[in-house]
Every structure is written in C-alpha cells, then in structure tokens.
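Note that the protein sequences, when read in sequence, are chains A and B. Take this note's numbering: the last position of the first sequence gets the number 544, and nothing is skipped along the way. Take this note's numbering: the last position of the second sequence gets the number 327, and nothing is skipped along the way.
Hints are supplied without guarantee of correctness; some may be wrong.
No more than 30 Å apart at the CA atoms, straight line, and that leaves these computed lysine-lysine pairs for DSSO-like [as the list claims (entries may be wrong)]:
| # | chain 1 | residue 1 | chain 2 | residue 2 |
| --- | --- | --- | --- | --- |
| 1 | A | Lys299 | A | Lys448 |
| 2 | A | Lys203 | A | Lys448 |
| 3 | A | Lys29 | B | Lys221 |
| 4 | A | Lys544 | B | Lys186 |
| 5 | A | Lys491 | A | Lys461 |
| 6 | A | Lys448 | A | Lys461 |
| 7 | A | Lys26 | B | Lys221 |
| 8 | A | Lys203 | B | Lys186 |
| 9 | A | Lys483 | A | Lys461 |
| 10 | A | Lys295 | A | Lys365 |
| 11 | A | Lys408 | A | Lys319 |
| 12 | A | Lys144 | A | Lys94 |
| 13 | B | Lys186 | A | Lys525 |
| 14 | A | Lys319 | A | Lys293 |
| 15 | A | Lys490 | A | Lys132 |
Computed list of chain B residues with no C-beta within reach of chain A, every gap over 10 Å [stated by the list, open to error]:
| # | residue |
| --- | --- |
| 16 | Arg47 |
| 17 | Phe130 |
| 18 | Phe164 |
| 19 | Leu206 |
| 20 | Val233 |
Short derived list, chain A residues pointing at chain B, Cβ under 10 Å [stated by the list, open to error]:
| # | residue |
| --- | --- |
| 21 | Arg76 |
| 22 | Asp350 |
| 23 | Arg459 |
Hints in this document: simulated from the structure, not taken from any laboratory. Don't be surprised by glycine CBs; every beta carbon is placed ideally from N, CA and C.
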Amino acid sequence: MRWKISMFAILLMVTISFAAASAQAKELKFAFQGTLNSFDPYNLNETFHLGTQGNVYEGLIRRGADMSIQPALAVRWEVMEPTRWRFHLRRGVKYHNGNPFTADDVVFSATRVRAEGSDLKTRIAADTKVVKVDDYTVDFITSKPNPILHFEWATWAIMDKEWTEANNAVSPQNVGGKQENYATRHANGTGPFKLVSHESGVKTVFEVNPNWWDNPNKTHNLTRVIFTPIGSDATRVAALLSGQVDMVYPVPVQDQRRVNSTPSTRVLVGPELRTIFLGMDQHSDELLHSSVKGKNPFKDKRVREAFFRAIDIKAIQEKVMRGLSEPSSLMIAPSLTPLSATHFKRLEYDPGKARSLLSAAGYGKGFSIGMDCPNDRYVNDESICTAVVSMLARVGIRVNLLAQPKAKYFPKILAPNLDASFYLLGWTPGSLDSWNVLHNLHGCPNLKNGGPIWPAGARNKITRGKFNLGGYCNPEVDRLTDKILGETDKKKRDALIEKAWGITIRDISHIPLHQQAVSWGVSNKISLKQRPDNVFDWRHVYMK
Amino acid sequence: MFVLIVRRTFQSIIVMLVVALLAFTMFRYVGDPVAMLVGQETSLQERAALRENLGLNDPVPVQFGRFVLNMVQGEFGISYQIGRPVSELISERLPATLELSLLAALFALLTGIPMGIYTALRPGRWLSHFFLTLSLVGISLPTFLIGILLILLFGVILGWLPTFGRGEVVDLGWWTTGLLTESGIKSLLMPAFTLGIFQLTLIMRLVRSEMLEVLRTDYIKFARARGLTNRAVNFGHALKNTLVPVITITGLQLGSIIAFAIITETVFQWPGMGLLFIGAISSVDIPIMSAYLVLIALFFVLINLTVDILYNVVDPRLRGDMRSSLG
Numbered sequence: 001m002r003w004k005i006s007m008f009a010i011l012l013m014v015t016i017s018f019a020a021a022s023a024q025a026k027e028l029k030f031a032f033q034g035t036l037n038s039f040d041p042y043n044l045n046e047t048f049h050l051g052t053q054g055n056v057y058e059g060l061i062r063r064g065a066d067m068s069i070q071p072a073l074a075v076r077w078e079v080m081e082p083t084r085w086r087f088h089l090r091r092g093v094k095y096h097n098g099n100p101f102t103a104d105d106v107v108f109s110a111t112r113v114r115a116e117g118s119d120l121k122t123r124i125a126a127d128t129k130v131v132k133v134d135d136y137t138v139d140f141i142t143s144k145p146n147p148i149l150h151f152e153w154a155t156w157a158i159m160d161k162e163w164t165e166a167n168n169a170v171s172p173q174n175v176g177g178k179q180e181n182y183a184t185r186h187a188n189g190t191g192p193f194k195l196v197s198h199e200s201g202v203k204t205v206f207e208v209n210p211n212w213w214d215n216p217n218k219t220h221n222l223t224r225v226i227f228t229p230i231g232s233d234a235t236r237v238a239a240l241l242s243g244q245v246d247m248v249y250p251v252p253v254q255d256q257r258r259v260n261s262t263p264s265t266r267v268l269v270g271p272e273l274r275t276i277f278l279g280m281d282q283h284s285d286e287l288l289h290s291s292v293k294g295k296n297p298f299k300d301k302r303v304r305e306a307f308f309r310a311i312d313i314k315a316i317q318e319k320v321m322r323g324l325s326e327p328s329s330l331m332i333a334p335s336l337t338p339l340s341a342t343h344f345k346r347l348e349y350d351p352g353k354a355r356s357l358l359s360a361a362g363y364g365k366g367f368s369i370g371m372d373c374p375n376d377r378y379v380n381d382e383s384i385c386t387a388v389v390s391m392l393a394r395v396g397i398r399v400n401l402l403a404q405p406k407a408k409y410f411p412k413i414l415a416p417n418l419d420a421s422f423y424l425l426g427w428t429p430g431s432l433d434s435w436n437v438l439h440n441l442h443g444c445p446n447l448k449n450g451g452p453i454w455p456a457g458a459r460n461k462i463t464r465g466k467f468n469l470g471g472y473c474n475p476e477v478d479r480l481t482d483k484i485l486g487e488t489d490k491k492k493r494d495a496l497i498e499k500a501w502g503i504t505i506r507d508i509s510h511i512p513l514h515q516q517a518v519s520w521g522v523s524n525k526i527s528l529k530q531r532p533d534n535v536f537d538w539r540h541v542y543m544k
Numbered sequence: 001m002f003v004l005i006v007r008r009t010f011q012s013i014i015v016m017l018v019v020a021l022l023a024f025t026m027f028r029y030v031g032d033p034v035a036m037l038v039g040q041e042t043s044l045q046e047r048a049a050l051r052e053n054l055g056l057n058d059p060v061p062v063q064f065g066r067f068v069l070n071m072v073q074g075e076f077g078i079s080y081q082i083g084r085p086v087s088e089l090i091s092e093r094l095p096a097t098l099e100l101s102l103l104a105a106l107f108a109l110l111t112g113i114p115m116g117i118y119t120a121l122r123p124g125r126w127l128s129h130f131f132l133t134l135s136l137v138g139i140s141l142p143t144f145l146i147g148i149l150l151i152l153l154f155g156v157i158l159g160w161l162p163t164f165g166r167g168e169v170v171d172l173g174w175w176t177t178g179l180l181t182e183s184g185i186k187s188l189l190m191p192a193f194t195l196g197i198f199q200l201t202l203i204m205r206l207v208r209s210e211m212l213e214v215l216r217t218d219y220i221k222f223a224r225a226r227g228l229t230n231r232a233v234n235f236g237h238a239l240k241n242t243l244v245p246v247i248t249i250t251g252l253q254l255g256s257i258i259a260f261a262i263i264t265e266t267v268f269q270w271p272g273m274g275l276l277f278i279g280a281i282s283s284v285d286i287p288i289m290s291a292y293l294v295l296i297a298l299f300f301v302l303i304n305l306t307v308d309i310l311y312n313v314v315d316p317r318l319r320g321d322m323r324s325s326l327g
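The shape of chain A in the complex, shown without the other chains (with noise of 0.2 Å):
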C-alpha cells in the first residue's frame, strides 16, 4: 500500500511538472529534407549545415534576415590601410561552457578554418595573416587590397580555443581518418542556442542559451528547439499537416496548394539565391557528344544565341516550376548585384529566329548532342532539362539527354573529367557577391594569361574558373574581375561589376535560366522569417 502511495506521488509530481514546464516552454520542432551530419563548423560548406550550426556557433559578423550585415562577435571594424583591416571585438561574450571570448579565439579559429580537412579554406585567403593587437582586437593582412574580405564571415564560426585544445579538437574533422572528433557531436559556440545532442539522421536537440551577449534584443521566444531529417517528401508534409513539428522545408512544388488549404499551416515562399543555367562546352575542338564532327558548334556564337532563343522561360517558370522560379538575365541573383532585376533583359524567346540563326552559322539540318542533367539535386532538375529537350527539338537540335542523381553526375561533369558538351547547374556565391560568380564561372581556367583553356593533365591546378566548365574565356572579363576584387571604392567597383556582366551578356558565355524558390512550410503557431539563402534562423522564430 505505501508503495503504490509513493507511486501515486511520483507520478503526481512528474505529471505536475510536465504540466509546468509545458506552460512555458516553447519547443520548436522542425523537419529538413536532409541529414546534419557532423557538428564541426568546418566539416562541410554546404548551406544547411552551416545555416544549422550559425544557430550555437557565430561568427565575426551575422547576415540579417534581409542578409544585410550586422556586427556579430565584432562590434566594428575599419580598414586602417587597404590591406589591414582592423577588428574590435565584444567585450563580456562568453562561450556555452562560461570561458571568455577573447582576440586569441580568432587566431586560433583563422588558423583551424585553413587547416587540413576543413572545408572552409576559402574564408580567409592562405596569405592572410591574422595579428593580435590586444585582448579584443585584431588585424587582418591580406596581400592584396579585398573589400569584401568579411562578406562570407557569417559562416565562419569563432571557435574556443581552449575548448578544442581541451577535447583534442584542434585540426577539423579529417575524412578517412580512424577517430571520431569531439567536434562532431559537441558544440561549444556563444550563440543563442546550446547544443545538447545531436544523433545523425536521428534528431538533433538544443536548447536556448540564457547567457547570450545579445539577450536584451532578442526577438524570438523559444527555450528548446528539436531538428529531425525526415527525407520522403509526403512524410515531411504529413508530419506538417499533422501538427508533429512546427516548420518543414523544403515543400515540393506539388505540395504547396495542400499546405496552403490546410488551415493550421500556410506556405512561404521566396526568391532564393541559386542560380539555375545551362552551360556549354565552348573550348573543345569537337564536342564530345555530338553528331558534329571536326568542330565545336558551341564556338560560334549564333549557335549559343540560337540555343537560348529556343528556350521558353515562361513555359519552365509556369508549367515546370509552377510559378516558383523567377526567370532570370543574370548568372547571379539580381539582388546580389547593384542592377535592377530588369537593367539587363533576356534574348526574347523566338523558335524562328533560332532556327535562322542555326542556318545562318551552317546547321540549317539541325545536329544532335548529348546534355547531362543532375536529378536530386535542385528543385525539379530533371523536368526542366526535359523541357528543354523538347523546345531544342523545336528548332532541331536532336537533345539525348544523361539525368543521373548527384554522386554520378558530379564527377562526370567536374574537372578534370569535363565529361559534359550541354550541362545544367546551380550556382549561390557564398560571398553573396558577384566577384566569386565572374572569378568560378566566368574566369579563363588556365594556368597564365592566354595559355591554353583546361589544359589536360593540369585541370586539377586551376583556381581560377575552376566551375567553368564549358571554358568560356574572355581576357577582358578575366581583368575586369580582377579589379574587381581589388577595387575599394564602392561606386567604382559597381561601375566595373556591371560592364563584366554586360560582356558575359553579350558573349552569351551561360544560358541563365532562373532563380528557383524558397519554400517553406509553416506551421500558423509560429511566426519567422524567410531568408533568401533558405538558411532558417531560429533568432526570428516567435511562438504562440
């Protein structure tokens, strides 16, 4: 009897406290398509995990919900000369574990970040030095002068020093090795949110850091956030439309009226940063599959105009996309770029013109070429490439179309196969800037100034156009870029960047089709907001 009494009390009280934690608690719970694998800040450059990680981990500076940037861990920063840059730090940040942040913290992390196995090398340039100056401040110097030296810093996540020297930390998390790193599945980041576990593929937890410098202006009201992947897509809407978490992206295209029409969730949708193109092999003698022999159509650029004018944007952007997709001129999301999204304008859709063009450069009969396609790795890839086949067929290009999911098709693609005459591809400059567009897509890939375009036997030496895989090159671009990057005056850097684009325009060096969508699925109990990276940050997240 007194043992079923104490029973009884037990359960009393869990029940009690249940009943008082849930009357505060503000649990968010989310859905992912796919997996967060390791917690390590520098593992992997991709956008969700990083996105995740900026959530307990920040850097030197933060991206706003209109990606605008905002002093983070540095409170301010000025160029002392172009090429020292000086960084005063916050004072009084502490880290999860309750160590100081402090200047040694930043040396440590520049020099982690570019050490071997880190993926995020190109945060900071290998000749960079990073100097101390006193306890919360730092100079960084650079080579040459780089006015958007800090622009990808959001996802450079400050580390503690003494926190991975005490967990043997210090070297990122090294593939193929034969130990786990103890950054993988601890965090200990200054953060809003704390870490508290984290199981691959399984479900990931973390909870709200009371001691966060940046409390005081806080705008969301979570204690706990709990992240599971859940990768089949009507799974993901179910847990949605079932009320099980809070918030599912991405919400496939077919998916959205249900959402909408559900009235517990609504869809978010937006224009996202990646930018959907099709590229072409311009530097080969001959295609590698085509029926022409002897010569590359590709280097004539009737042909490279006549392919775009066969292309219907509107028919992509209504019936593939569904609406979701804003048709683009630019490789780069206008947003990204001091142009208006109508400064430049697309080559107008025109079969006829198109097929007078092919006549005019001497493929009246039409020719047929092999087109590679990814088909799991952007928002319908495969049914626009289908789609282009058939407007292609309308002119006479004979399309055979390659549609392989992502671990094929990369390789194929990629340097230094180049296995690839007519290709599709997503592109995001992670510095959200144009110069990392022009430099990777754009560039010449050689090793000097007008040597040869994708040399073989060297292809894995290129920096420079080291995505342009169709080896488009124009020296004029080549030195625009580079002035570019150097180039500290914001008007004049402006200036620079739009005659590169109008050149690239003009070349049709890319067939740039759209920028595709945001889509999240939201649940009506919550407010956030959407940013255009499709990274979700929990600081916006509010809760009834």
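With chain A held as given, fit chain B onto it using these hints.
Showing chain B alone in chain A's frame:
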C-alpha cells in the same frame, strides 16, 4: 547435429565472402564519394589529395584485401559523411530496426496463423471471404503506398498516431527501446503494421492451404473415426503438421523483413539501419554501405542456420535422413 553446424558454418563463410566481393564491386559504380564530401569551393587539388587519402587510387585487389581484412576484424572505419565509427552508428540504429522487424513478424504470425486456421476450417463463412479479400489487398499493394495511406488516415485526418520517428525512447545502455513509453508504442503501430502486412497475408494463405491439405489426409479421417473431439483433431493433429513449412517460411521471411525494412523506414522516417543505408547510398558513404550489406548477409546466414536446426527439432524424420546420409 554438430557436424551439421560445422558444415553450415563453413558454407556461411563462403557466402559472406561472395557478398563482400559483390558489395565491393558494386561500390565502384555508385558514384564518387569525394564529390559528396566537399563543398563547391574546394579546389581540385584538394579533391585529388582527398582521393589519395581515402585510398581510392590504390589497385582494386589491394582495396578489396583491405576491405575484407577490416571486415573480419569488425572494423568498418569512419563514416565519410557523419564522421563517426560505423560500428557505433550501426549498433545505435540496430535496436530500432530489430524492434520494428520482430514486432512486425510477431504481428504477422499471431494474426496470420489464426486467420489461416479460421479460413481453412470455416471456408464458407463471410468472415473467411473477408479475410481472403483483405489478404489480396495486402499482397498486391506496395508497402510504401500502404504506409502513406495509413499516414494520411491515422496521422493527418484522424490525428491519432505519430507519422514519423520512434517517439520517446528509453535508453537501457546497450539497447534503446520505444516499448516502454506511450509515444514509443504509438509510433511503432503503423510501421509494424505496414512492414508485417505482406508477411501476414503470406502466412495466412500458407497456413490455409497447408491446413486444407492436411485435413484431407487419412490420419485425420481416422482421428475423427476414433471419435476425437474436433478441437483435438484440428489443433492437436492437423495444425501441428501444418506448422513445419510455416516455420521455414517465417524464418526466411524474418531475414527479408529486416532487409526490406528499408522502405518502411523511409516512409516513416524510422531511424533504423535501413534509413542509415539509404542516406549512405545517396551520399556514397562507402563504409556504411559495406557494413550494412555484410551485416544483412550475416543475418540471413544466421537465420538460415537456425531454421535448419529448428527443422531438425520439429521434424524427427529429418534426423533419420541426416544420420543415414552421414553414415
């Protein structure tokens, strides 16, 4: 009996080696792990260095030798993507899959056998027709469709059951179980039903046809002539003789339940080994893929061995055959 076990074990080793070879050959065609390992900005030189580091440039026989050697030692390396030892990951995920599979098998057996018996003994009743129609549905609808329909009905429309995950899980140190909490049990219902429904119909149809067969034999007629009760005839004599093939099939099916839990696990986001495997395939995480395949092969081999032994215990005639064939 001892000889049987030794002989079977020897055969099993050969099977395992063949599986290892198949698995290994397959990995060369699933894609490039390096492309999945790094972000878009990683330089081509670093990619090449990583490939060298992972030993992907070694000659194929060397790679296979290393693979088998590590496998024998139970050393599957570190997951490329997750960054944790694969053996640890598998042992964390194993309870989820086994719990689900065993429950599904139990459900299939405990419902399938009585339903089979009923439809055999009372063939004309409407309930028998109902069971048979139901079994047709169970056998013809694909698993993922059943899963999604269940989610829609019980999860979204009625809101009774959770649609994904394991719910609250109790950690016993060496095992995690969802059977001790309400949300854990609720979470198990739909996946276990989905996974078990095909086996259920299979067992029910098997029991039914076997039973009908046995009921026609002479000794049943004699048993009835002796004036034994219906109960003794049906359950004491007929059922016992029906169960021999049922044991074999159930045993073999248990292996495929575990292996084919992949689909159910994907639909219900059940954090078991199957889900781990699916994730590994899409990201070309070779250490996880190889460990999973080898483990599943091991399961099949062990189950087969057990079934062989059980068979021996249940059916005395086999024992005699064994002895004469050995003698």
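Hints, verified against the model:
Only pairs whose Cα atoms come within 30 Å are accepted, and lysine 299 of chain A paired with lysine 448 of chain A is accepted, the gap being roughly 21 Å. A threshold of 30 Å between alpha carbons decides the hint, and for lysine 203 of chain A with lysine 448 of chain A the separation of about 49 Å lies outside it, so the pair is violated. For the proposed pair lysine 29 of chain A and lysine 221 of chain B, the alpha carbon gap of about 64 Å is over 30 Å, so the pair is violated. Under the criterion of a C-alpha separation no larger than 30 Å, the hint pairing lysine 544 of chain A with lysine 186 of chain B is consistent with the structure, at around 27 Å.
Simply put, lysine 491 of chain A and lysine 461 of chain A have alpha-carbon atoms about 34 Å apart, too far for the 30 Å limit, and the pair is violated. In summary, the hint linking lysine 448 of chain A to lysine 461 of chain A is supported, as the alpha carbons are separated by about 11 Å, within the 30 Å threshold. In summary, the hint linking lysine 26 of chain A to lysine 221 of chain B is not supported, as the alpha carbons are separated by about 70 Å, beyond the 30 Å threshold. Note on lysine 203 of chain A and lysine 186 of chain B: the hinted pairing holds, with a Cα-Cα distance of about 18 Å set against a maximum of 30 Å.
A distance of roughly 23 Å separates the Cα atoms of lysine 483 of chain A and lysine 461 of chain A; the hinted pair therefore holds under the 30 Å criterion. For the hint pairing lysine 295 of chain A with lysine 365 of chain A, the CA-to-CA distance comes to about 16 Å; that is within 30 Å, so the pair holds. Pair hint lysine 408 of chain A plus lysine 319 of chain A holds up; C-alpha atoms about 27 Å apart against a cutoff of 30 Å. For the given pair, lysine 144 of chain A sits about 34 Å from lysine 94 of chain A by alpha-carbon distance, which is inconsistent with the 30 Å threshold.
Our distance criterion of 30 Å between C-alpha atoms is met by lysine 186 of chain B and lysine 525 of chain A, whose separation comes to about 24 Å. For the hint linking lysine 319 of chain A to lysine 293 of chain A, the alpha-carbon distance of about 35 Å lies beyond 30 Å, and the restraint is violated. Taken as a hint, the lysine 490 of chain A and lysine 132 of chain A pair is honoured in the structure, with Cα atoms around 28 Å apart against an allowance of 30 Å. With 10 Å as the threshold on Cβ separation, the claim that arginine 47 of chain B sits away from chain A is violated: the shortest Cβ distance comes to roughly 7 Å.
Annotated as non-interface, phenylalanine 130 of chain B keeps its C-beta farther than 10 Å from every C-beta of chain A; the closest such distance is 29 Å. Against the 10 Å criterion, phenylalanine 164 of chain B falls within the reach of chain A, whose nearest CB is about 5 Å from its own CB. Annotated as non-interface, leucine 206 of chain B keeps its C-beta farther than 10 Å from every C-beta of chain A; the closest such distance is 32 Å. Against the 10 Å criterion, valine 233 of chain B stays outside the reach of chain A, whose nearest CB is about 48 Å from its own CB.
A least Cβ separation of about 28 Å between arginine 76 of chain A and chain B goes past the 10 Å threshold, and the interface hint is therefore violated. Because the smallest distance between the Cβ of aspartate 350 of chain A and any Cβ of chain B comes to about 34 Å, over 10 Å, the interface hint for this residue is violated. Satisfaction of the interface hint for arginine 459 of chain A is found here, the shortest Cβ-Cβ separation to chain B being roughly 7 Å, below the 10 Å cut-off.
Checked against the numbered hints above, the structure violates hints 2, 3, 5, 7, 12, 14, 16, 18, 21, 22; every other hint is satisfied.
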